[in-house]
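Undergrad: Chains as they are written, first to last, in the numbering used here: chain A, 1 to 591; chain B, 1 to 591.
For the record, the hints were derived by calculation from the structure and aren't laboratory data.
A couple of the hints might just be wrong.
Lysine-lysine pairs mimicking DSS-like chemistry, simulated, CA-CA at most 30 Å apart [as the list claims (entries may be wrong)]:
{"id": "1", "chain 1": "A", "residue 1": "K72", "chain 2": "B", "residue 2": "K459"}
{"id": "2", "chain 1": "B", "residue 1": "K336", "chain 2": "B", "residue 2": "K351"}
{"id": "3", "chain 1": "A", "residue 1": "K459", "chain 2": "A", "residue 2": "K363"}
{"id": "4", "chain 1": "B", "residue 1": "K304", "chain 2": "B", "residue 2": "K402"}
{"id": "5", "chain 1": "A", "residue 1": "K402", "chain 2": "A", "residue 2": "K459"}
{"id": "6", "chain 1": "A", "residue 1": "K363", "chain 2": "A", "residue 2": "K304"}
{"id": "7", "chain 1": "A", "residue 1": "K459", "chain 2": "B", "residue 2": "K72"}
{"id": "8", "chain 1": "B", "residue 1": "K581", "chain 2": "A", "residue 2": "K581"}
{"id": "9", "chain 1": "B", "residue 1": "K351", "chain 2": "B", "residue 2": "K416"}
Chain A regions said to be covered by chain B (calculated; three or more residues, Cβ under 8 Å) [what the hints assert, rightly or not]:
{"id": "10", "region": "527–541"}
{"id": "11", "region": "572–586"}
For each residue, glycine too, the CB sits at the ideal point set by N, CA and C.
There are 2 protein chains.
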Amino acid sequence: MRTHYCGELGSGQIGQEVVLCGWVQRRRDHGGVIFIDLRDRVGLVQIVFDPDRPEPFARAEQVRSEYVLRVKGLVRQRPDGTINPELATGEIEVLGHALEILNTAETPPIHLDSHAADASEELRLRYRYLDLRRPEMQTRLHTRSRITRILRRFLDEHGFLDIETPILTKSTPEGARDYLVPSRTHQGSFFALPQSPQLFKQLLMMAGFDRYYQIARCFRDEDLRADRQPEFTQLDIEVSFMDEEGVMGLMESMIRTLFREVLEIALPDPFPRLSYSEAMQRFGSDRPDLRVPLELVDIADLVKAVDFQVFASPANDPEGRVAALRLPRGGELSRKEIDQYTQFVGIYGAKGLAYIKVNDWAKGREGLQSPILKFLTDDAIQGIMTRTGAQDGDLIFFGADKARVVNESLGALRVKLGHDLGLRQGDWQPLWVVDFPMFEYDAEHRRWVALHHPFTSPKETHLGLLETDPGACLSRAYDLVLNGTEIGGGSIRIHRPEVQRQVFRLLNISDEQAEERFGFLLRALRYGCPPHGGIAFGLDRLVMLMTGAHSIREVMAFPKTQTAACPLTEAPSPVDESQLKELGLRLRARP
Amino acid sequence: MRTHYCGELGSGQIGQEVVLCGWVQRRRDHGGVIFIDLRDRVGLVQIVFDPDRPEPFARAEQVRSEYVLRVKGLVRQRPDGTINPELATGEIEVLGHALEILNTAETPPIHLDSHAADASEELRLRYRYLDLRRPEMQTRLHTRSRITRILRRFLDEHGFLDIETPILTKSTPEGARDYLVPSRTHQGSFFALPQSPQLFKQLLMMAGFDRYYQIARCFRDEDLRADRQPEFTQLDIEVSFMDEEGVMGLMESMIRTLFREVLEIALPDPFPRLSYSEAMQRFGSDRPDLRVPLELVDIADLVKAVDFQVFASPANDPEGRVAALRLPRGGELSRKEIDQYTQFVGIYGAKGLAYIKVNDWAKGREGLQSPILKFLTDDAIQGIMTRTGAQDGDLIFFGADKARVVNESLGALRVKLGHDLGLRQGDWQPLWVVDFPMFEYDAEHRRWVALHHPFTSPKETHLGLLETDPGACLSRAYDLVLNGTEIGGGSIRIHRPEVQRQVFRLLNISDEQAEERFGFLLRALRYGCPPHGGIAFGLDRLVMLMTGAHSIREVMAFPKTQTAACPLTEAPSPVDESQLKELGLRLRARP
Numbered sequence: 001m002r003t004h005y006c007g008e009l010g011s012g013q014i015g016q017e018v019v020l021c022g023w024v025q026r027r028r029d030h031g032g033v034i035f036i037d038l039r040d041r042v043g044l045v046q047i048v049f050d051p052d053r054p055e056p057f058a059r060a061e062q063v064r065s066e067y068v069l070r071v072k073g074l075v076r077q078r079p080d081g082t083i084n085p086e087l088a089t090g091e092i093e094v095l096g097h098a099l100e101i102l103n104t105a106e107t108p109p110i111h112l113d114s115h116a117a118d119a120s121e122e123l124r125l126r127y128r129y130l131d132l133r134r135p136e137m138q139t140r141l142h143t144r145s146r147i148t149r150i151l152r153r154f155l156d157e158h159g160f161l162d163i164e165t166p167i168l169t170k171s172t173p174e175g176a177r178d179y180l181v182p183s184r185t186h187q188g189s190f191f192a193l194p195q196s197p198q199l200f201k202q203l204l205m206m207a208g209f210d211r212y213y214q215i216a217r218c219f220r221d222e223d224l225r226a227d228r229q230p231e232f233t234q235l236d237i238e239v240s241f242m243d244e245e246g247v248m249g250l251m252e253s254m255i256r257t258l259f260r261e262v263l264e265i266a267l268p269d270p271f272p273r274l275s276y277s278e279a280m281q282r283f284g285s286d287r288p289d290l291r292v293p294l295e296l297v298d299i300a301d302l303v304k305a306v307d308f309q310v311f312a313s314p315a316n317d318p319e320g321r322v323a324a325l326r327l328p329r330g331g332e333l334s335r336k337e338i339d340q341y342t343q344f345v346g347i348y349g350a351k352g353l354a355y356i357k358v359n360d361w362a363k364g365r366e367g368l369q370s371p372i373l374k375f376l377t378d379d380a381i382q383g384i385m386t387r388t389g390a391q392d393g394d395l396i397f398f399g400a401d402k403a404r405v406v407n408e409s410l411g412a413l414r415v416k417l418g419h420d421l422g423l424r425q426g427d428w429q430p431l432w433v434v435d436f437p438m439f440e441y442d443a444e445h446r447r448w449v450a451l452h453h454p455f456t457s458p459k460e461t462h463l464g465l466l467e468t469d470p471g472a473c474l475s476r477a478y479d480l481v482l483n484g485t486e487i488g489g490g491s492i493r494i495h496r497p498e499v500q501r502q503v504f505r506l507l508n509i510s511d512e513q514a515e516e517r518f519g520f521l522l523r524a525l526r527y528g529c530p531p532h533g534g535i536a537f538g539l540d541r542l543v544m545l546m547t548g549a550h551s552i553r554e555v556m557a558f559p560k561t562q563t564a565a566c567p568l569t570e571a572p573s574p575v576d577e578s579q580l581k582e583l584g585l586r587l588r589a590r591p
Numbered sequence: 001m002r003t004h005y006c007g008e009l010g011s012g013q014i015g016q017e018v019v020l021c022g023w024v025q026r027r028r029d030h031g032g033v034i035f036i037d038l039r040d041r042v043g044l045v046q047i048v049f050d051p052d053r054p055e056p057f058a059r060a061e062q063v064r065s066e067y068v069l070r071v072k073g074l075v076r077q078r079p080d081g082t083i084n085p086e087l088a089t090g091e092i093e094v095l096g097h098a099l100e101i102l103n104t105a106e107t108p109p110i111h112l113d114s115h116a117a118d119a120s121e122e123l124r125l126r127y128r129y130l131d132l133r134r135p136e137m138q139t140r141l142h143t144r145s146r147i148t149r150i151l152r153r154f155l156d157e158h159g160f161l162d163i164e165t166p167i168l169t170k171s172t173p174e175g176a177r178d179y180l181v182p183s184r185t186h187q188g189s190f191f192a193l194p195q196s197p198q199l200f201k202q203l204l205m206m207a208g209f210d211r212y213y214q215i216a217r218c219f220r221d222e223d224l225r226a227d228r229q230p231e232f233t234q235l236d237i238e239v240s241f242m243d244e245e246g247v248m249g250l251m252e253s254m255i256r257t258l259f260r261e262v263l264e265i266a267l268p269d270p271f272p273r274l275s276y277s278e279a280m281q282r283f284g285s286d287r288p289d290l291r292v293p294l295e296l297v298d299i300a301d302l303v304k305a306v307d308f309q310v311f312a313s314p315a316n317d318p319e320g321r322v323a324a325l326r327l328p329r330g331g332e333l334s335r336k337e338i339d340q341y342t343q344f345v346g347i348y349g350a351k352g353l354a355y356i357k358v359n360d361w362a363k364g365r366e367g368l369q370s371p372i373l374k375f376l377t378d379d380a381i382q383g384i385m386t387r388t389g390a391q392d393g394d395l396i397f398f399g400a401d402k403a404r405v406v407n408e409s410l411g412a413l414r415v416k417l418g419h420d421l422g423l424r425q426g427d428w429q430p431l432w433v434v435d436f437p438m439f440e441y442d443a444e445h446r447r448w449v450a451l452h453h454p455f456t457s458p459k460e461t462h463l464g465l466l467e468t469d470p471g472a473c474l475s476r477a478y479d480l481v482l483n484g485t486e487i488g489g490g491s492i493r494i495h496r497p498e499v500q501r502q503v504f505r506l507l508n509i510s511d512e513q514a515e516e517r518f519g520f521l522l523r524a525l526r527y528g529c530p531p532h533g534g535i536a537f538g539l540d541r542l543v544m545l546m547t548g549a550h551s552i553r554e555v556m557a558f559p560k561t562q563t564a565a566c567p568l569t570e571a572p573s574p575v576d577e578s579q580l581k582e583l584g585l586r587l588r589a590r591p
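Could you put together the complete structure from these sequences and hints?
TA: In structure tokens:
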């Protein structure tokens, strides 16, 4: 029905007759002539209808925004002075010879120009088919398609097989709540939608497929705080006979290829690496944003003996932490700004935000300004100044509390300061975090929980620690962090049944429970399971970062709202009593 | 961990030290030497352990079937007389220098040799990770991965965007039963799993994406007669501004590319086409297997007046059909075989299977043999002989009943005869079936039903028939048939709201019901919907045909059983009362 896309026309087509199909972006009548900006997937082009040709001109007069047109016309150079350098096709225009109105349109309930993003998200989702017409959304989904294409090509070239795993399956143990699907043929029983294909991909390794990948839909019935969706997409990868160096090397290479081809960005080779403990120490986070050059510095040893319990108490607590965060030229911060940051760290449980302003260190204690100065000894002050390397004009923030609170609050503060004050260095900072502990102790429930998932292998040399000191046992897990966002996580898996049982027991999963929930995995491990490992990337997040979108909802065609509903189709919706009956279910009365 | 795959070694590696990883296919001790066939994804290779090297030899003695090994060794030419031409690596063997047992294995509950397919399907599915180790299953899933790669590449090259549509969505109107997913945040409401992305892909066209594809998971909660699965995979495609010629041409080209690259088969260019009515007339089916050269011939006009109600009654019934099927050299069929075919057509509701054996037509009526001969006039016999072109030695079968019964029974019989008697011509016979009616009349419920789905467009010139004669109104649908299996179906869709409403009304969907179920589609049609159409291919079936498998379960990694259960994970399974409570549900008491 067409010879070209609107947006691909240029001076190369001057003198050609073309046929175009698209939507009316706008119509202007000017000097007895009608100008129509016609839009398609590729871009916009200006069509001119002249009263010389009365038939198409008369039709052009009927045209409104978002009408669907088919236009035949002659590409010509725009007259001098009317060239539009803002527009890719701005050098030319099309003189309309024929016009067919393929469909009409009512006035759209959301604007399709640059103000569209101002419409409420509810409205944008209800009329998603209009919202998606905006070039911004077109570009994002176009880029998403390119990204998956490049990832697939890379994996294909490296011998990975694309294998589909079930959506209707058994509850998977990822910790979040499952979506359940009632079975009609087995009334009273339920399928679960997978939170990830974790166990299936391990089974595929046991089946000898050697290298597997899948762009897999995953499901979590969580409360949608933050930027979560009930269904999301994961690039899921597993390999046999490869260690963590092999997996990380290959995945780095894949991500570098992706950034080079999509964004023309050369990511570092190799990616930097940090151990979990160093990341927590220096950045208070296991997914630090390395674009922000601020770092936490431990000062507990300097303040153990000061007469200031806010510092001394956590400094003497084995689970406590006292850390300083030096902000170069932070002395310019106003009292009000400091108050706002104090509120900010309160979100993470910090009870306050101590600070020292360094006005003129040559004057010693007198050259500093701080409400806590009076509590600190000269030695402590000297130690802090030396260790943080503070200069005149700087500000030093302090965190002192349980280590978790200090890490979370100062870790978040350093990123916030970096963003607020424009301290970011470089656009893209990838990072591997490695040497994670196998377990974290949940003091409240007095038990060990898995830091990754229960199929993650301990380091070979740490196997003995499973018995003697589980908290010291490190795993073979690795997370890929980009600009402070975890975009991928994986590990070498346990491939020996006795190690798997030992880990289950440590996690308070009895042999009986293990058999009931993971019996098929334990059985499979007995029949010749190869050493294997893998990784999963959050595709939505990766696309969000690469397209500069602010939410994963902006890179999905039909996302759900924060209450897990779809304003477009009005799903979820009530069903007939007969359907429930077939499933052997009834609704509970509302409390 | 390795330098090569086992199955890729050959004379090119002679003299090289290699490292291999894989599974023990078998171990033989022969003349004081240990031979191990080591298997990986690519193939088998023979490893030899010599008592000269006591350490690896001692380890090799412990090895059992399905143990996982890492072997370092030297590739060498096999001695004369021991070359195995059956094996791709049969020219060489690897002299083992070092052996690491990466994992042990218990004796597998199913054999992994050629007898494995004899194990019950239940057992094969329970130990699917073992079943999948068999080269046959490896090859099928490998081919499946290649097929999707080639399809994706073709579509990428033709400007199609891969866009994901929701799995948690609203009930889709494909006629089958939906799988439901209870919502926790909206208690009493349910998502449905999509039977296809039909409405979303149409919305993507309205959103201006122009060319969409997705390898999409689809769900139907049906009773699993025949070769159906609760979840299956569809290659889903939609384009804007393209007519049926455009869609069919592009899709043909894609399928030809696929067959050329995967099977080195040149499919015809273009594919043959048949109208629905001609397909029914000549083959009694809208998905005829054109490899079978037998055809139905109408003879109602010849037997309208005979004194044989079995023929005369349907011949005079406007809904009846009387047809003949000539089987060349069918005179050799025994009485018993004919009885079996009579039983066979009974499955399709035929009350009998009349026939005439042509022994010696030169003798006229005397040269024929048939229980019904006495009822037929000379003219009728002459007419039948002429019209079927029967020769001496042939057999002519007859069907006489409602057209539906004749079509289904003789249609199935012609394929069965073709297969039984080895009459098939050519390996691959693709065919487009076009010019489908929009509607079929459901006499029982006295209403029109859509032959495809309610979004299929009528032919432009038939729009008037929607009012005057719906039964005569043809649609813009097209089905792609391969060897008698429908592998794809699609249509140009309705893009005008008033036509969509008219079709809904004809299908007995009131404006109110339409608003409730498809309100979002009707609304979307009002805001500038482009002309569009598409197609969906049953990927599982296509892969099944291309790999020569006998069931779609043989080309899926983890299929369900005929009762929609997974013997491996034991899904579906009971859930905790607390989970039901969260969803606002309770189980009904068993009746």
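Undergrad: Taking the hints in turn, state whether each one holds.
TA: Hint check:
Taken as a hint, the K72/A and K459/B pair is honoured in the structure, with Cα atoms around 24 Å apart against an allowance of 30 Å. A C-alpha spacing of about 17 Å is found between K336/B and K351/B, which places the hinted pair at or below 30 Å, so the restraint holds. Only pairs whose Cα atoms come within 30 Å are accepted, and K459/A paired with K363/A is rejected, the gap being roughly 52 Å. Of the supplied pair hints, the one linking K304/B and K402/B holds, its CA atoms being roughly 15 Å apart against a limit of 30 Å.
Distance restraint check for K402/A and K459/A: the Cα-Cα separation of roughly 28 Å lies within the 30 Å cut-off, and the hinted pair is therefore satisfied. Distance hint between K363/A and K304/A is fulfilled; the C-alpha atoms sit about 25 Å from each other, no more than 30 Å. Restraint check for K459/A and K72/B: the C-alpha separation of about 24 Å stays at or below 30 Å, so the hint holds. With a C-alpha separation of about 17 Å, the suggested pairing of K581/B with K581/A holds against the 30 Å cut-off.
Restraint check: the Cα-Cα separation between K351/B and K416/B comes to about 18 Å, which is no more than 30 Å; the hinted pair holds. Here the region 527–541 of chain A counts 5 residues with a CB under 8 Å from a CB of chain B, which clears the bar of 3, and the coverage holds. Requiring three or more residues with a Cβ within less than 8 Å of a Cβ of chain B, the coverage given for the region 572–586 of chain A holds, as 11 such residues are present.
Against the hints set out earlier in the document, a violation occurs for number 3 only.
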